Amino acid sequence: MSSVKTLVITGFGLNCEKETSAAFETAGSEVSRIHLNDLLEQPAKLSEFHILAFIGGFSFGDHLGAGTVFSNRVKYGLKEQLEEFINAGKLIIGICNGFQTITRMGIVPAIGGFFNQEVALQHNDSGVFRDSWVTLKVNESSPCVFTKGMDLVPVPIRHGEGKFVPMNDEVLKQLEDGGYVAVRYADPVSGEQTSEFPLNPNGSANDIAGICDKSGRVFGLMPHPEAYLSPFNHPHWTHQKINGNLPSEGLGLKMFRNAVDFAKENLV
Amino acid sequence: MVYRLEMTPRPGVGQGTGKLIDQASQYFDLEIASAAKSDVLTIKANISDEEMAKIASEIVNPVLQDSVVGQVTDREFDWYIAIGFLPGVTDNVARSAREAVGDIIGRHLEEDEHIFSSREFFVKAPNLTAEQAEKLGSELLGNVLIESITVLSFADWKANGAPENLPLIKSETEPEVNLLTLEISDAELETTSKEKTLALTLREMKIIQEYIRKASDDPKRKELGLEGKITDAELECLAQTWSEHCKHKIFDAIVNYTDENGKEEQITSLFKSYIKRSTEEISEDVDWLVSVFHDNAGVISFNDKYDLVYKAETHNSPSALDPYGGAMTGIVGVNRDPLGTGIGSELLINTWGYCLGSPFTDNADVPKGLLHPRRIRDGVHQGVIDGGNQSGVPYGLGWEYFDERFIGKPLVYCGTVGLLPRQIHGQSGADKSIEPGDFIVMTGGRIGKDGIHGATFSSEELHKDSPVQAVQIGDPITQKKMYDFVIEARDLGLYRFVTDNGAGGLSSSIGEMSTQCGGCEMDLSKAPVKYAGLQPWEILVSEAQERMSFAVQPEKMEEFAALAAKRDVEISNLGTFTDSGKFHITYADKTVCYLDLEFMHDGLPRMEIPAKWEPPTHPEPEYEDSDISDDVLELLASLNITSNEFKCRQYDHEVKGLSVVKPYVGVNSDVLTDASVFMPEPLTTEGIVLSAGIAPSYSDIDTYHMMASVMDLAIRRTIAVGGKLGHIAGLDNFCWPDPVESEKTPDGQYKMAQLVRANKALYDYSKAFGVPLISGKDSMKNDSTKGGKKISIPPTVLYSTIAKMDNIEKSVTLSAKRAGDLVYVVGDTKAELGGSQYSILKGAIGNSVPQVDADYAISIYNAVSAATEKEICHSVHTPAYGGLAVAFAKVAIAGQLGIDVDINKIPADDLSAQELLFSESNSRFVITIAEESAAEFEKLFEGLPCACVGRVTLDDELVFRQGEHIEAAVKLGKMSKSYKTTLDNV
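Going down the list, the sequences are from chains A and B. Note that the first sequence covers residues 4 to 271 in this note's numbering. Note that the second sequence covers residues 112 to 1097 in this note's numbering.
Treat the hints with caution; some may be incorrect.
To be verified - Lysine-lysine pairs mimicking DSS-like chemistry, simulated, CA-CA at most 27 Å apart:
#1 B:K1050 / B:K921
#2 B:K953 / B:K1082
#3 B:K383 / B:K358
#4 A:K78 / B:K155
#5 B:K855 / B:K479
#6 B:K269 / B:K155
#7 B:K305 / B:K358
#8 B:K317 / B:K331
#9 B:K677 / A:K8
#10 B:K374 / B:K723
#11 B:K901 / B:K305
#12 B:K340 / B:K862
#13 A:K244 / B:K921
#14 B:K835 / A:K244
#15 A:K257 / B:K921
#16 B:K281 / B:K560
#17 A:K48 / A:K267
#18 B:K981 / A:K244
#19 B:K148 / B:K269
#20 B:K677 / B:K667
#21 B:K317 / B:K855
#22 B:K677 / A:K78
#23 A:K82 / B:K677
#24 B:K677 / A:K48
#25 A:K82 / B:K165
#26 A:K267 / A:K93
#27 B:K1050 / A:K244
#28 A:K78 / B:K165
#29 B:K981 / B:K835
#30 B:K900 / B:K862
To be verified - Each pair of labels, with its calculated beta carbon distance range:
#31 B:E224 / A:N171: 34 to 42 Å
#32 B:N414 / A:K267: 27 to 35 Å
#33 A:V271 / B:D185: 51 to 59 Å
#34 A:P201 / B:F471: 24 to 32 Å
#35 A:N171 / B:L1065: 45 to 53 Å
#36 B:G604 / A:A47: 26 to 34 Å
These are calculated hints, taken from the structure and not from any lab test. Note that the structure is predicted; figures quoted are calculated from it, not measured. Ideal Cβ placement from N, Cα and C applies to all residues, glycine included.
Produce the entire structure from the sequences given, and follow the hints as far as they go.
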């Protein structure tokens, strides 16, 4: 059996290539890191992969709004190949700047079809960049492939523009009704979604931290599951160790395992 | 055709102008009712209306923005303030827009097609005068060094519309090399140095004069038409190379030191006698020093795969003038040090630390011409936040220290840890070389007038004429692209040598590289410039940012250039390295410099500086009747102890997914850690411990003990998180007031003696601890005379350490973990309140500064390391500012548990409660353990001062008792509030 292949696109100020690669590798995938300019020289190469990752960072310095210039370049250079990729049942994840990029491009949530922007990530309500750990509550009724079998997930956020906003109330309703909402900010104690700062760190509508398309195969989120691969990444691991509840691996890893397992079953 | 694309926030999205309104009120006491903002792109290009409409629809975010091609006319406000860039300044938003437009219209824009970005603010403030609106524009919204600021009244705007933003360059100046004669009077030599911001003394000017006289015999100089003259560029180049900033003249000087007993001693070079010598001597005993002192950063070995690289810098003078720009170039600048070390390191972790005036300083106490410390603080943080975050490098350690003497010049420390392959292409990653015939290649940003004289202006005090163009402007994304390129080119083996272009620009980087092979020939007309009209000397010394210099072997040049083109990185081939012994620079066919390399680098004889140590005596304060509960709360709220989490959380510390012990720890992640632990790569077992110490207040008593204390502090903080002695390296960053006696500095001998004493301690304790120094930096002119008042900083040393940890799983944090655990104090507490934060709180200095007994300290360190190795410590914390009282408080706050301590059990001689609780004695730890581990734990400390002083409790208070008598009891909630409120949202 040939192996699952993941493509991590790099360049122009993106910066999470190493840990995102480690996440997919640990989950059992082969990973290629390719600079966007090199990919645009040979767009057909995209079809060799099963999973595509738009990673975190500051593509083009967030100039003209986070994700704008990068998503524009991808859209003009790879539109057909990307559509084919999605239609072939393959997987896409966009993390942080990658999430901003894929919403900007309109491949998630894509309620009304591809390449039509319906949601955006706005400046945090606090007005400043924030790095802190949050707890995500997985929406069980979402078809999202990446969050399958997960419930509460601690992960770090690191962003200045992470407030999830829909185009209008109608879009928000469709997102909620259609199971597009994959993860929300939640209170780690009660396990319930919350709009309270800093548990919801940016003021996102309906506490939405991540969404998928209707197939559940295209997924984007602001927090960084790839920054919780090791149990020793957790801010309270020294407490967990003494209390005997230190997990054997970082809980963010499961999202990547889910993706690779899905690809193994369905795409390879 | 010129199009204007105006983008405004959609209704309900928010204008993002809250900060403007708050800061106008905080900084200037100006009241703004409301403000709206537009982002504007001005596009001068050969495109059609349809193409423009398409560009607008793609660039505008339809969820967040409305837009109009043209101008929004339906507005009401009082003042229009537009901020654009000055001609020639890099406009990064416009550069990105250019990329996007190219993608959209399917062709690259031509050289004569332009895009410019600007921001427009529409301010409702009925009482604001035109002058005040200008002030908002020039001091809050814009930066006059790089930006144009246009202020219009509502009526003007209504009548004439927004002015077109097309800052095109119109310079027609021809490049020229001016020949100067140095056959002038001494007074004129001095005037020349001053007028050109050369920061050269008369003695140095006369050495150059003499060199030019002798060089007249050189037939080649005659042939080049330079006989008896010096070029403007040569003079500039020598000024940069010989600047205090680059040459470290004070640390290299002959010092005639007299101690308190009148005993005289001559020291030739503090650097060589103390810093370098201690490392050389230690290197006989350790096998993990790879490259020290000679490269851009120090290198130590880590494991079979990697070496570790570490460097810390200061960027004080630029940050005083332009806090945001100065600090940003501080962080992205120090990133280039590891990148330019060895064959090029990956950037792993940033560190930062600032010494500032209090943000709550009364306006009346800030001398005219200086920025208010709150503005400096906000700007400095934002600069390092933006620079670090956009570079994708997490921060590992960050701290602030406040003292009113930092109002004149803030200290802005930035450091970077790098990861260097141990072996690459069959050789050590730390090795690099240059062969004659290799090409001189520069990569990165273009050269402009920004950052000219950075090295020389920071080598003198900040005065009213300090040149504003000395501040460089950083662009982290250009650097990030270059960084990615360098690492890729490194892995492909496409160059032989790399170094940073920092202070002194090409004159320094190529000047230093030339010593590797013995010369160079470089043509400055091939250097990419931001705009025409730069003079050759300006190109040579400009410190424009984001540049690295390379030696590329001729056979690799084509591949190197091709990769750069694919990565959108600009490179230029400026000439070749030679073995002629000459620093030979041309501009096309004009000779710019023809200097002997030997003279450039070794032509400056050592200075001789007198130093006389007279120990100061301060009034001895008495603290008997203070209320300890109040003291604890006041200390927790005081600026040097309080949490600065609000600012810290704006720095990314998780990118790369390597953080193990984070900057803030505890159940609410809200207490500053002792030290931080990182993995070098995802999912490793081995780790890196970063720690630091600083104690400027101890310098008021004796810099010898200040130095010893900060070293002990940094090392014991490493031990506290689970580290151990044996594989720790140190960095010294000295920031001093001018220590050379002169009319301006009548107490120079004392300040120089302080410098000598700090160095003596640095040698003594580096040796004693076996912790070698691997890199360092000094900044020796931290005085300001602005506003007619001389303000000098207290002598300050940041001592940073980097250590290897074998197993990150054994890391420990300082938070109390479980009620019922036993609380131990390890190490003796002494009557050492001198220079303590407690004394500062009480308005005193005192005399009994904390001291360090190295042998005893090492026994304590080793015992604590043995305990963490056995994994029996539930928490470890080492007391610093505020002594044991603050240490217990932090352990309790972090664990959200109570602590009950009998202070009579604290290992000490007969001390008062204040001395027991607030002395900042060194080499101590507060440790909590499970009761069942007590015997095993105590055995490790046999023969050492170590006592169980109490327990962790479920009562939410910190209790200090003497037997049955409760001396003080402070509620957890109150302590948290004191610790967390002072700088919250500040």
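Here is how each hint holds up against the structure:
Restraint check: the Cα-Cα separation between K1050 of chain B and K921 of chain B comes to about 20 Å, which is no more than 27 Å; the hinted pair holds. The straight-line distance between the Cα atoms of K953 of chain B and K1082 of chain B is roughly 23 Å, inside the 27 Å bound, and the hint therefore holds. Simply put, K383 of chain B and K358 of chain B have alpha-carbon atoms about 14 Å apart, close enough for the 27 Å limit, and the pair holds. Straight-line distance between C-alpha atoms of K78 of chain A and K155 of chain B comes to about 25 Å, which keeps the hinted pair within the 27 Å bound.
At most 27 Å may separate the alpha-carbon atoms for a hinted pair to count; K855 of chain B and K479 of chain B meet this at roughly 19 Å. For a cut-off of 27 Å, the pair hint linking K269 of chain B to K155 of chain B stands: about 24 Å separates their Cα positions. Using a Cα cut-off of 27 Å, the hinted pair K305 of chain B and K358 of chain B holds, with the two alpha carbons roughly 19 Å apart. A C-alpha spacing of about 23 Å is found between K317 of chain B and K331 of chain B, which places the hinted pair at or below 27 Å, so the restraint holds.
Between K677 of chain B and K8 of chain A the alpha-carbon distance is near 25 Å, which keeps this suggested pair within the 27 Å criterion. Distance hint between K374 of chain B and K723 of chain B is fulfilled; the C-alpha atoms sit about 10 Å from each other, no more than 27 Å. In summary, the hint linking K901 of chain B to K305 of chain B is supported, as the alpha carbons are separated by about 20 Å, within the 27 Å threshold. As the CA atoms of K340 of chain B and K862 of chain B are separated by approximately 39 Å, the hinted pair breaks the 27 Å bound.
With a CA separation close to 10 Å, the supplied pair K244 of chain A and K921 of chain B stays within the 27 Å bound. The hinted pair formed by K835 of chain B and K244 of chain A meets the criterion: a straight-line CA distance of about 21 Å does not exceed 27 Å. Note on K257 of chain A and K921 of chain B: the hinted pairing holds, with a Cα-Cα distance of about 25 Å set against a maximum of 27 Å. Taking the CA atoms of K281 of chain B and K560 of chain B, the gap is about 15 Å. The hint holds against a cut of 27 Å.
Distance restraint check for K48 of chain A and K267 of chain A: the Cα-Cα separation of roughly 20 Å lies within the 27 Å cut-off, and the hinted pair is therefore satisfied. A C-alpha spacing of about 14 Å is found between K981 of chain B and K244 of chain A, which places the hinted pair at or below 27 Å, so the restraint holds. At most 27 Å may separate the alpha-carbon atoms for a hinted pair to count; K148 of chain B and K269 of chain B meet this at roughly 17 Å. With a CA separation close to 16 Å, the supplied pair K677 of chain B and K667 of chain B stays within the 27 Å bound.
Of the pairs offered as hints, the one joining K317 of chain B and K855 of chain B holds, with about 22 Å between alpha carbons and a cut-off of 27 Å not exceeded. At roughly 19 Å between alpha-carbon atoms, K677 of chain B and K78 of chain A fall within 27 Å of each other, so this suggested pair holds. At roughly 21 Å between alpha-carbon atoms, K82 of chain A and K677 of chain B fall within 27 Å of each other, so this suggested pair holds. Between K677 of chain B and K48 of chain A, the direct Cα distance comes to roughly 18 Å. Compliance with the 27 Å bound is thereby established for this hinted pair.
For the given pair, K82 of chain A sits about 17 Å from K165 of chain B by alpha-carbon distance, which is consistent with the 27 Å threshold. Restraint check for K267 of chain A and K93 of chain A: satisfied, since their Cα atoms lie roughly 11 Å apart, inside the 27 Å limit. This hinted pair checks out: K1050 of chain B and K244 of chain A have alpha carbons roughly 24 Å apart, not beyond 27 Å. The suggested pairing of K78 of chain A with K165 of chain B holds, with an alpha-carbon distance near 14 Å, which does not exceed 27 Å.
A distance of roughly 13 Å separates the Cα atoms of K981 of chain B and K835 of chain B; the hinted pair therefore holds under the 27 Å criterion. Taken as a hint, the K900 of chain B and K862 of chain B pair is honoured in the structure, with Cα atoms around 19 Å apart against an allowance of 27 Å. Our hint of 34 to 42 Å for E224 of chain B and N171 of chain A holds, since their Cβ atoms are close to 37 Å apart. Taking 27 to 35 Å as the suggested C-beta distance range, the pair N414 of chain B and K267 of chain A conforms, at roughly 33 Å.
The hinted window of 51 to 59 Å between V271 of chain A and D185 of chain B holds, with their beta carbons roughly 58 Å apart. Taking the beta carbon of each, P201 of chain A and F471 of chain B are about 25 Å apart, inside 24 to 32 Å as hinted. Restraint check, N171 of chain A to L1065 of chain B: a C-beta distance of roughly 51 Å satisfies the suggested window 45 to 53 Å. Roughly 30 Å separates the CB atoms of G604 of chain B and A47 of chain A, a value that falls within the hinted 26 to 34 Å.
In this structure, only the earlier hint numbered 12 is contradicted, and the remaining ones agree with it.
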